[in-house]
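Enquirer: Residue-level listing of the chains:
There are 2 protein chains.
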Amino acid sequence: KKPIVVAEYLFRRLHEIGIRSVHGLPGDFNLVALDYIPKAGLKWVGSVNELNAAYAADGYARTKGISAVVTTFGVGELSAINGIAGAFSEHVPVVHIVGCPSTISQRNGMLLHHTLGNGDFNVFANMSSQISCNMARLKDPADIPDQIDLALRECWIRSRPVYIMLPTDMAEKKVEGARLDTPIDLTEPANETEREDYVVDVVLKYLHAAKQPVILVDACAIRHKVLNEVHDLVEKTQLPVFVTPMGKGAINEDHPSYGGVYAGTGSLPAVAQRVETSDLVLSIGALKSDFNTAGFSYRTSRLNTIDFHSDHCTVRYSEYPRVAMRGVLRKVVERVDLSKLSRPPSPEVANEVTKNRDSSETITQAFFWPRVGEYLKENDIVVTETGTSNFGIWETKYPRGVTGVTQILWGSIGWSVGAAQGAALAAKDMGVDRRTILFVGDGSFQLTAQEVSTMMRHNLKVTIFLIYNEGFTIERYIHGMDAEYNDIIRWKYVDVPTVFGGSEKQVRKFVIKTKDELEKLLTDKEFNEAGGLQFVELWMPKEDAPRALKITAEIAAKNNAKM
Amino acid sequence: KKPIVVAEYLFRRLHEIGIRSVHGLPGDFNLVALDYIPKAGLKWVGSVNELNAAYAADGYARTKGISAVVTTFGVGELSAINGIAGAFSEHVPVVHIVGCPSTISQRNGMLLHHTLGNGDFNVFANMSSQISCNMARLKDPADIPDQIDLALRECWIRSRPVYIMLPTDMAEKKVEGARLDTPIDLTEPANETEREDYVVDVVLKYLHAAKQPVILVDACAIRHKVLNEVHDLVEKTQLPVFVTPMGKGAINEDHPSYGGVYAGTGSLPAVAQRVETSDLVLSIGALKSDFNTAGFSYRTSRLNTIDFHSDHCTVRYSEYPRVAMRGVLRKVVERVDLSKLSRPPSPEVANEVTKNRDSSETITQAFFWPRVGEYLKENDIVVTETGTSNFGIWETKYPRGVTGVTQILWGSIGWSVGAAQGAALAAKDMGVDRRTILFVGDGSFQLTAQEVSTMMRHNLKVTIFLIYNEGFTIERYIHGMDAEYNDIIRWKYVDVPTVFGGSEKQVRKFVIKTKDELEKLLTDKEFNEAGGLQFVELWMPKEDAPRALKITAEIAAKNNAKM
Ligand SMILES: Cc1ncc(C[n+]2csc(CCOP(=O)(O)OP(=O)(O)O)c2C)c(N)n1
Ligand SMILES: Cc1ncc(C[n+]2csc(CCOP(=O)(O)OP(=O)(O)O)c2C)c(N)n1
Ligand SMILES: [Mg+2]
Ligand SMILES: [Mg+2]
Chain W
6 KKPIVVAEYL FRRLHEIGIR SVHGLPGDFN LVALDYIPKA GLKWVGSVNE
56 LNAAYAADGY ARTKGISAVV TTFGVGELSA INGIAGAFSE HVPVVHIVGC
106 PSTISQRNGM LLHHTLGNGD FNVFANMSSQ ISCNMARLKD PADIPDQIDL
156 ALRECWIRSR PVYIMLPTDM AEKKVEGARL DTPIDLTEPA NETEREDYVV
206 DVVLKYLHAA KQPVILVDAC AIRHKVLNEV HDLVEKTQLP VFVTPMGKGA
256 INEDHPSYGG VYAGTGSLPA VAQRVETSDL VLSIGALKSD FNTAGFSYRT
306 SRLNTIDFHS DHCTVRYSEY PRVAMRGVLR KVVERVDLSK LSRPPSPEVA
356 NEVTKNRDSS ETITQAFFWP RVGEYLKEND IVVTETGTSN FGIWETKYPR
406 GVTGVTQILW GSIGWSVGAA QGAALAAKDM GVDRRTILFV GDGSFQLTAQ
456 EVSTMMRHNL KVTIFLIYNE GFTIERYIHG MDAEYNDIIR WKYVDVPTVF
506 GGSEKQVRKF VIKTKDELEK LLTDKEFNEA GGLQFVELWM PKEDAPRALK
556 ITAEIAAKNN AKM
Chain P
6 KKPIVVAEYL FRRLHEIGIR SVHGLPGDFN LVALDYIPKA GLKWVGSVNE
56 LNAAYAADGY ARTKGISAVV TTFGVGELSA INGIAGAFSE HVPVVHIVGC
106 PSTISQRNGM LLHHTLGNGD FNVFANMSSQ ISCNMARLKD PADIPDQIDL
156 ALRECWIRSR PVYIMLPTDM AEKKVEGARL DTPIDLTEPA NETEREDYVV
206 DVVLKYLHAA KQPVILVDAC AIRHKVLNEV HDLVEKTQLP VFVTPMGKGA
256 INEDHPSYGG VYAGTGSLPA VAQRVETSDL VLSIGALKSD FNTAGFSYRT
306 SRLNTIDFHS DHCTVRYSEY PRVAMRGVLR KVVERVDLSK LSRPPSPEVA
356 NEVTKNRDSS ETITQAFFWP RVGEYLKEND IVVTETGTSN FGIWETKYPR
406 GVTGVTQILW GSIGWSVGAA QGAALAAKDM GVDRRTILFV GDGSFQLTAQ
456 EVSTMMRHNL KVTIFLIYNE GFTIERYIHG MDAEYNDIIR WKYVDVPTVF
506 GGSEKQVRKF VIKTKDELEK LLTDKEFNEA GGLQFVELWM PKEDAPRALK
556 ITAEIAAKNN AKM
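Protein sequence lines, in the order shown, are assigned to chains W and P. Those letters in the first sequence? Residues 6 to 568, by this note's numbering. Those letters in the second sequence? Residues 6 to 568, by this note's numbering.
Next comes chain W alone, as it looks inside the complex:
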């Protein structure tokens, strides 16, 4: 009744589910589809390369809830695949749309550019199927709207990438547009009531009986969007609440119940003490990877743990498949009997600036991260990178409303530069005035530096702290402290933004070598206002690393060497 072409259908659906900017690069197999992006009210980002585009889409989704990236067959999609794999690994919903050769060319096995020359047009999609929770290979207009709607729903609900293969001859095929009058249903299927109630009863039984219950919030609580439930739980129970490194930012760190970052032996002593002597850890959305647990160093027991996950719960050794945490948490909040609840005190959390200030002028890792905590403002978006910053940030106490963006499980360096661009763009698309602050190592920055160009293309407000420590310090701590392969060549980092298209007016540059200079910068009014792109080259010692990194690196090295 209301015919509409496939590309427009797809992009209007993206708009409906909250996407406003589409990352990616053109290629001759997606050009015609791209014409429909502005028609659907979307903005084309015009990324500098596909890996960066995927990283940026990841950052955008972490900030705005979901994102999309468009690439071209073979060359484009494979350039992006590492970024998409990261999104899969870390439960980030990214819609990957690949413009591919026409179904006719495919059927005829034509020897086209961007193919392996073997007539196989499925090989790249097959690779992506390993890192996508849904594959929509569009071939027949009769199926296409269903395929698109299902893919987008899966992406949202399962919080993982989906892959949409759009052949050139399908992009402008007509489908029924009246379907667009009914939005895609993005609600999670409810748990079976009896089953859910059963789990809630069990949880409450243990919770009411516990003497020292604590809450531990991890990555999947953020990714699977149950933070409202978690916040209500904390508010109502006032139980001590901790975050893991991947959960950092999930909890208002100004809240009296907030007790800090728990990561086994990587935790501060008071935190380890409180969590490890607890007789009931309500563990929400756990993702216990090596770097998220300081090398699997938890000293908590299954017998004292209740695990809440997006698709199941576990109470001690009892497993409850098909019971999603959202419903359970909601009912626990409603039904908890506060009169039966013991509430141990939370450790105090503060930015330990004075304690960590030595008398030298050097900006040490120990000093820097607590100091950053004092500089941060409400609602900042803080992006950190694999390297010293990912571990240093454990020592930073966030103001309320800060979004922490890190990639601790996948850990692909260079990711943070793209992710910061995507996060800042998401904030802009949401019409909110938030600062995006990126902490990135000099080594990591080199992999994806040109993403600064995209930041300037869209006038994004990003403040970049580049940790200039002459190479791969994190790797030095794992193996090869003085090895040549851990050295990099020195760039003129502060000039990068202007070379990549920024005007002198658009960019502010700083080289900061001493604590004094740092102090002046962090208290400068204009710097704090962060009106545009700001680039800080921050000198830190080559062989200095945050406390938690030293611990984790040692365990990683041992694990690698085990024979």
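No incorrect hints appear here.
Repeated chains share a single entry, so a pair holds when one copy, or any two copies, can fit it.
As a list, the in silico DSS-like pairs of lysine-lysine whose alpha-carbon atoms are at most 25 Å apart:
1) Lys-510 / Lys-497
2) Lys-466 / Lys-382
3) Lys-230 / Lys-69
4) Lys-44 / Lys-563
5) Lys-144 / Lys-563
6) Lys-510 / Lys-530
7) Lys-466 / Lys-497
8) Lys-547 / Lys-48
9) Lys-525 / Lys-360
10) Lys-514 / Lys-497
What the hints contain is simulated information worked out from the structure, not anything from laboratory work.
Fit chain P with the ligands to the known structure of chain W by using the hints.
Expert: Here is chain P with the ligands on its own, set in the frame of chain W:
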């Protein structure tokens, strides 16, 4: 008898087969192995990111015969996969070594960084198996030397990437070093004699009978290393010889028999005429992809064609599987009866500078490429990129000994910057003083610009012509002449090298806007000596494209639009 650790065994084998520099990035799963690189007499390149490393390895292999790249599990290898896929597609032998978690961690399904969090340690190797001609998943020291030797042999002989998965706990396991006293056998298996002789007879029958025989040399003649045979054939028969775009550089273009570039309707009229009226095309190593044939526009007939391939030959419609071209060509050279050979004249080939010079000061595509032909010197390495340069270069007549490096089938933009680095490094490793000259579009350059940093790290002699035409001109010709998605933001291109670590002394920069300026530059003595890195920002009109590109783009657009 002579115990040696696995990593050293592997790297010494790489050295033996001709590799001198190893591309790649460190990661904690490969650090220990990297310690053995200098011990084996190899140089570590220290690439800026893995995709660039793979592109560079591709360029290195095209120049030196084979190459290697080391990445780390998951994040590193997937970043490189598009580059490796290109090498697979284009028959380039690259050894991809991936440092991965220990066999113990794998067996225990540990939740390690750089995994998908699902305990599956094979998923990335499975992806790579699609683009590798051999997979060596090292697990047991008893098998490892065999696996390595086989992988390297396959890589060389089949001229395609191989994948070696090296777990951290295998890197230093002891294996028998005495094996190294016997080099890996890299000789191609000989054809069955009777079968080969039969084919040679058939070929000679047609060749002696033909009135207008010609030779057409394509990509696989270069990749499968039969150029000696081809040159001998040309020398002995003096038959007119043509190259395809992917075969450009295979033939000495100063040779009187050389007739130019054949690509169907993309050919110059005299070339099309000679090839298409020929009654016998000896087609060597054909790879008839769309962009290599100006959109499948050959007007030659199978009935007039003999095809020579690395694993079979075809005479008209008769197929001869398992008859590799090398042996056949060698015998054809030996047995051809010159008295029975008709030799039609070859079209004349010249750099048509004057004919294409208009009266304006603008540097047009039509003018530039023949002019480049006059600037090139013997033994230059010429790298071109998908975009105007890949098509413009058809109009450039190469001096003898020039190596042409292009990626016309895979066509991943940004590749050329990495490939130029790899090619220049290969030349340096070979101890020869060759210029490497890169022609790259402004759009393509942005994807991989930081590879310039690696050029400076190794003091490579590369002259970069950056075609500044405000975006994706090739795409404009396919679809969206004025579309926003074909625009890019303008960088300060000439400042890129110094920002990426070059000193003002190390780099020479030029902005060239007019024919006069170009003339002055191309005749400047110092510029011609090309002592270090030279960067030329070359202004060309946004909506100008080489003749052959216009033809090919139109056909591609039609093909994509076919419903
Ligand atoms: C794509 C990718 N390649 C390689 C690695 C291995 N790796 C992890 S951290 C790191 C070094 C990071 O150095 P830098 O950003 O300078 O951090 P810092 O010096 O602050 O530790 C490397 C090479 C990786 N994680 N991802
Ligand atoms: C990795 C990758 N992404 C996208 C494309 C699609 N593509 C092919 S050519 C091209 C534009 C190249 O522009 P430029 O380098 O400026 O060349 P020119 O303007 O000289 O044509 C693009 C985007 C591709 N081939 N490879
Ligand atoms: Mg560093
Ligand atoms: Mg261009």
